[in-house]
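Using the hints, put the two chains back together into the complex; each one sits in its own frame.
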Amino acid sequence: MLAALAGATRRKEACALVDASDNFDPASAAAAGVYLDRLLWVRCSEHNLSSLRNAPRRTALGRLEQVLKVTDLLLQGGGFGMVVLDLGDIPADSVRRVPLTSWFRFRRAVEPTATVLLIVEREPHAKTCASLVVRLQRMAVCAYDSAPAAETEFEGWKVLSRTEPSIPPTNKVSHANLLRSMHLRAEVVRSLAQRKPMHSVGADFELRAAW
Amino acid sequence: MFACIYIPDFPVAAIVRAEPLLRDRAVAVLEGKSPLVRVAALNEKARLLGMEMGMTKLQAAIFAEPEEKELVRAQSEARKKTSHIELSSRRVKGQAKLTAAVFRQRSLAQEESSHAALLDVAHAFTPRVEDTHHDRLLLDLDGLERLYGPAATMARELASRVSAVGLECNIGMASNPETAMHAACGFTGTTVIPAGEEAKRLGVLPITVLLDSFDIASRTEMETSATTRERAKLWEQMLDTLERWGVRDFRRLALLPEHALASRLGEAGARLQRLSRGEGMRPLALCEPLTHFEEAMELESAVETIESLSFVINRLLEQLCARLEARALAVQELKLRLQLERCVADEQTTTVQELAGAGKASPFSNQGDGNLYVRILHLPVAMRDPKVFLKLLQLDLAVHPPRAPVCKLWIAAEPGRPRSAQHGLFLPITPEAEKLEITLARITGVVGERRVGIARLLDTCRPDAFRMERFVSQQEPSSDDRGLTLSDKTGVPPFALRVFRPARQVRVQLTEGRPCKLAMSGWNTDRDELRGKILWSAGPWRSSGDWWAEQSTAKSAPEEVHVWDREEWDIALANDDGASVALYRIYRDAGTGQWFADASYD
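Going line by line, the protein sequences match chains A and U.
Going by my numbering, the letters in the first sequence line up with residues 1 to 211, in that order.
Going by my numbering, the letters in the second sequence line up with residues 212 to 813, in that order.
A portion of the hints provided could be inaccurate.
Unchecked claim - Examples of chain U residues toward chain A, derived with CB under 10 Å:
1) Thr267
2) Leu476
3) Ala479
4) Leu636
5) Leu647
6) Val658
7) Ala666
8) Asp670
9) Pro704
10) Ala707
11) Leu708
12) Leu794
To be verified - With a cut-off of at most 30 Å between alpha-carbon atoms, the simulated DSSO-like pairs for lysine-lysine come out as follows:
13) U/Lys598 <-> A/Lys69
14) A/Lys12 <-> U/Lys602
15) U/Lys546 <-> U/Lys411
16) U/Lys244 <-> U/Lys602
Claimed, not checked - Not everything, but these chain U residues come out facing chain A in the computed CB check (under 8 Å):
17) Ala507
18) Leu668
19) Thr671
20) Phe677
21) Ala749
22) Asp781
Just so you know, these hints were derived from the structure itself, not from any lab.
For each residue, glycine too, the CB sits at the ideal point set by N, CA and C.
Extracted from the complex, chain U is given alone in its bound form (with noise of 0.2 Å):
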């Protein structure tokens, strides 16, 4: 058994998805640059008011305020054109309600998303799946029965899934093929044509679907667009030759005598008739399952503010998540990507051709080029949930802004395997995964990047040597492999420093080479915990390295390498109003000679 996918009018589809209010209005697309701006496509409701494929914008501009007696004429003459017969479909095709048009320009990232969307659908029902056209599929159901149930239950069942990613489709299911494809193309709604009733089924249908399947049948990848042309105009030939046979349905096609329709129209012609009879089994070319989740949106204005970007992004994190949850996949990172309206100069920005867009992309996850902004969140466990990640692009969005409004954007998604969790009774709490990105979010967006985290101690003799890594909540507790601490073998808990970040300049008195009295150097003088006379000291401890690294530069974060060479010492300092006593660690920087107060005993 085989079934077709066939979504019709695609470009509006597309949009539609995109945009679901306006999947009770009429929509007309429409596709070139002005002024050759004529309609490409248009949905049922278009049609019926009156709109016709290839009008031009200013024709098609009548309908967007349609009156009252233009609406009835419009509506009787769309009757007289229509040529859809429906025998077997699964919702009543009543009175369209005849509103203003909409138009939208066509959008080919929108149409490849909803492609994409489509076979992630196909895929997740069978593996033998034909990328036939970008508005149609053919799948191979054989041996699905057991899984699924009966051919009108599975026709169903693909329906409501392909709805779950805003497709509207219709499905035909046949034991062969170009049957279904048929039947998809022709009737509305769900078709199950069984073996033996395909020529009987199919006569109904015109004979512009036939042709319409026949020549995408025949394109080839390598054809060029002079081959191209001239099908189309072999198509158009033999269309008006049947016409004027009075061929307009499968069922005259299929009564014409074989012989004399071959030597009239050649091979394709008994090819057709074959077909118009419900003949034919031709294996699918089947293709691979995609690997890469991406939605793109263009806007019709751009949006400068992040609270009517959301809206957008909402929707395409929500079409992401259905892709990916009909593979059974994850999101391990997603990347959002801005095309702005026009070029800003950023800090990475030195010269006028990068501004221009003419210079290479930051090597970094937030890079750009210009026009276009790209923020990258790298998750720490694989999601689903969209919401959440609305709310992570917010909150990162909130901390990065775009400089300029927005008009295009796209969402790719980094698929990965879901994670399961087994909870326990006696396991020690975690916080969720989920709820965790969003605090950790947050807490960045009030204490800055590079704030939050875990410390990773460096090997290194540096003083104050670590580096901040991701704190990533452990569903499974980790083994204890770290060794014995000074704690475990003592029995006694040590000292604990409390760092200076940065470390105090102080002066400095020395006495016989030991310091004996302290204060603060530089205009802050009136921290009175670091002034005094030092009651005790010990030192000094000569201590350096890193001489052999390069050099830092200012711009190098705190944690990397940079020379230090130093002296220090453990002194008790009594506060010069006598009311305390503390302990510090000073030091002499060698290289400058220099004093700083680094750290207090605790």
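One chain only, chain A, in its complex shape (with noise of 0.2 Å):
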């Protein structure tokens, strides 16, 4: 997502970030490449009672709400070169509670103009609404560990410990640990452009701690 926000944005072009639970961070995207002052950041919250104390209490919308809510002006608005959806750390059933009409309706929105509307999600909830669905997977952690210990499998999850040079491997100091590198693997699920393959289309990267 960062990634993507960081081209867009460095292709001068404004965009918008809609995060339905607040988990997004300025400063990995500033890291990232991100033009923080190109990108629209509209962040959802439960209870929004504090900032509609003189509304009606009724009138304050659940998170899924407000981001369909939200998406749907911003692509009626228009001139956004990235709209992005960050549905993350919203349970897999309520997005699924979401009917296939809005998908519908945010497609036809951006159809005919220039701005792409991405959606970052735990299970393609758009189906055929959607032109381009990619599934990633975090195949590997790469980890620096002054116990040099064994290769720790988990479900088809590893986490590899390497020493670092310059620590003793007998020098059991926690603070030496350092998170270093993530394997991800980007697989193509399903493309409208192209007719699915006979073998699936992916491709591996790495992404790097800051430190």
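Right, here's the structure in full:
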């Protein structure tokens, strides 16, 4: 998500992020290359009574309702190069309740424009309304560990412990441990631009720690 | 060449400007406190009904529902009393439609706004304007023929511009200012008097026009009410004298012998005679263009709903934008003030004195002092569309409605230079400024204030330190002077953190000083993702700061300073069901000893 936003803002496009769970970290985004002054950040929350104190209680919307309403407003307003919906922390069964007509409406709104609507979620819910569905899977995490423990496997997810040459192997210092990198695999699940190939199309890439 | 813009029955015109539907009705403006309420101004239709200036409200009330026969009697009497003679007019003055009269209370605020609108039109036409009186202006049009055309065209253009701001006027043009003023006050519509024909054209005007303009010219700013009464008495005596002599129009006064007139009526009489011949050349006392743009309206009855208020606000916004457009300006900031019918306590009211209006107004944008409710809209770019302003004010009032009915309102605009944007084929798409403002206002209504905008990182080591600022559509892309980021340097994108706001309190079990088990604390223990065995941990990294700054309070904004002292750990957590492993950042607050889950690595 941050890489996509970094690319769009680098092209000097105005972007919008609808943050359903208010999880966005501006510092991480700036390190990833996102131009924050070109990114409109909408922070949804469960209860907005502190800001809607003059309005009736019944008007306070749940997160998902806020996300859908705000997305609708952004797409109708237009002018954004990319609109990102971050539903990563919303439970899948809640997002499943979003009617398909909403996704169709969003698709209809962005189709004639140059706007990209990017949805980050745990499961693909837009179904046929999506032009491209990519599954991202974390394959491994690399960390420096002062105690050269054996590789730890857990349900197909590996944490590789490697020693830092400058740290003596007998020096069990917990603060010498460091997260180093993360290996991810991206796989195209569905694409309207081309027919599904015989074998899966994917790519492996790496994320590094900022330190 | 000089021109005079004259607004007949100015108090009525100010009311009609705010309520255009009254334009075809008989309108009487009342002034004074009960029981001394009297008719202060009338329009022509009300005069035809038989109403007169100075009538009490009770006397005027009979004209509210006139009978048919009374209608005819009033009409015939009104014809005898009228003294206006039309020679050159741009509209035919036929039989006025006689309807029931409408009464309105006099509004000085609306008259002030109308006068300001008139000045704006005049200053947009020429920089040499004299603010003669609240209902008339004098303009020096010397040298403007090349720009606007001949005198008749200029007069028509001026009249149409005045009409655009909601006022109907008479225009008089002549070679000297006094003649122009007499022509505007005496004749309906636009009148152009060529040089040399002043005496001939002015001859038919009644003497009251001359005395009225002479009275205005001789007023001074410092005169007292006693002086005003004395002067009024003097003019009354002079009028009586002239009427006894049979002098009822300009021509008869001009024919009187000069020396005899001067010996009877003094210097004033001699001056009056010169003016009646169309002689006179005085310099204009020029005034500066106004820099304050405000429209006001007093409501006959208090308005409770925002929908009803929107109609009034729309009218005022259109008038305001028309004035700004006449001066080639746009709106940078809009201030809406509502006078409420009764004092209302809000979150900032703490004492009875404040409720009574004796306290100071709040220094914040949304200030109020009891029965005055203020909303201020700061616009990122200068705009001029009244529809956009109306929508923004409606959205703002929907979120922050006034708590009492509104009986008076003002809208003031801070002027700014209109923006100019050059579009290009290859420029990246950006939202339009006006549409963006409305969209942001709607989004603010959904998610709340301070939750929409851009994040500005603060220059501090405090975790999650940023400030929300306004998002502005950049028509011209800003330069990329940010410097190299981590992804630029390494070519590999960094981890991203997904921050928990607020941080989630957890219970951590330690083994040999390292966390080994994690569970949510408090009542919300059904979040499975924050419970389980810690497979791997890195830390602690200690950080602290802002202990040197003042303590923040509970009412402080989240981005304000507060002390922090924490011990951070990165952990790999396997959930209890063994279904997944996730990376988190947790910390222990050194002050309270409590553990919190701060963020997850994504």
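The hints, checked one at a time:
Given hint, U/Thr267 at the interface with chain A, is violated; its Cβ is 45 Å from that chain's nearest Cβ, farther than 10 Å. With its C-beta approaching chain A no nearer than about 67 Å, U/Leu476 sits outside the 10 Å limit, and its interface hint is violated. Interface hint at U/Ala479: violated, since its Cβ lies 63 Å from the closest Cβ of chain A, which is beyond the 10 Å cut-off. Here the hint on U/Leu636 is broken, as its CB sits about 13 Å from the closest CB of chain A, past 10 Å.
A least Cβ separation of about 6 Å between U/Leu647 and chain A falls short of the 10 Å threshold, and the interface hint therefore holds. Because the smallest distance between the Cβ of U/Val658 and any Cβ of chain A comes to about 6 Å, under 10 Å, the interface hint for this residue holds. Proximity of U/Ala666 to chain A holds as hinted, the smallest CB-CB distance being about 4 Å (cut-off 10 Å). Hint status for U/Asp670: violated, given a least beta-carbon distance of 12 Å to chain A, over 10 Å.
With a least beta-carbon distance of about 5 Å to chain A, the hint placing U/Pro704 at the interface is held under the 10 Å criterion. The beta carbon of U/Ala707 is positioned within 10 Å of a beta carbon in chain A (closest approach about 4 Å), and the interface hint is therefore held. Here the hint on U/Leu708 is kept, as its CB sits about 4 Å from the closest CB of chain A, short of 10 Å. Taking 10 Å as the C-beta cut-off, the interface hint given for U/Leu794 holds, the closest approach to chain A being about 7 Å.
The straight-line distance between the Cα atoms of U/Lys598 and A/Lys69 is roughly 23 Å, inside the 30 Å bound, and the hint therefore holds. A distance of roughly 29 Å separates the Cα atoms of A/Lys12 and U/Lys602; the hinted pair therefore holds under the 30 Å criterion. About 51 Å separates the Cα atoms of U/Lys546 and U/Lys411, which puts this hinted pair outside 30 Å; it is violated. Straight-line distance between C-alpha atoms of U/Lys244 and U/Lys602 comes to about 38 Å, which puts the hinted pair past the 30 Å bound.
Evaluation of the U/Ala507 hint against chain A yields a violated restraint, the C-beta minimum of about 25 Å exceeding 8 Å. The beta carbon of U/Leu668 comes within 6 Å of a beta carbon in chain A, closer than 8 Å, and the hint placing it at the interface holds. Annotation: U/Thr671 was flagged as interfacial toward chain A, and the flag is violated, the nearest CB pair being 11 Å apart, outside 8 Å. For U/Phe677, the suggested interface contact is upheld, since its CB lies about 5 Å from the closest CB of chain A, less than 8 Å.
At its closest, the beta carbon of U/Ala749 sits 3 Å from a beta carbon of chain A; the interface hint therefore holds under the 8 Å criterion. A distance limit of 8 Å between C-beta atoms decides the matter here; for U/Asp781 the minimum to chain A is near 5 Å, and the interface restraint holds.
When held up to the earlier numbered hints, the structure conflicts with 1, 2, 3, 4, 8, 15, 16, 17 and 19 and fits the remainder.
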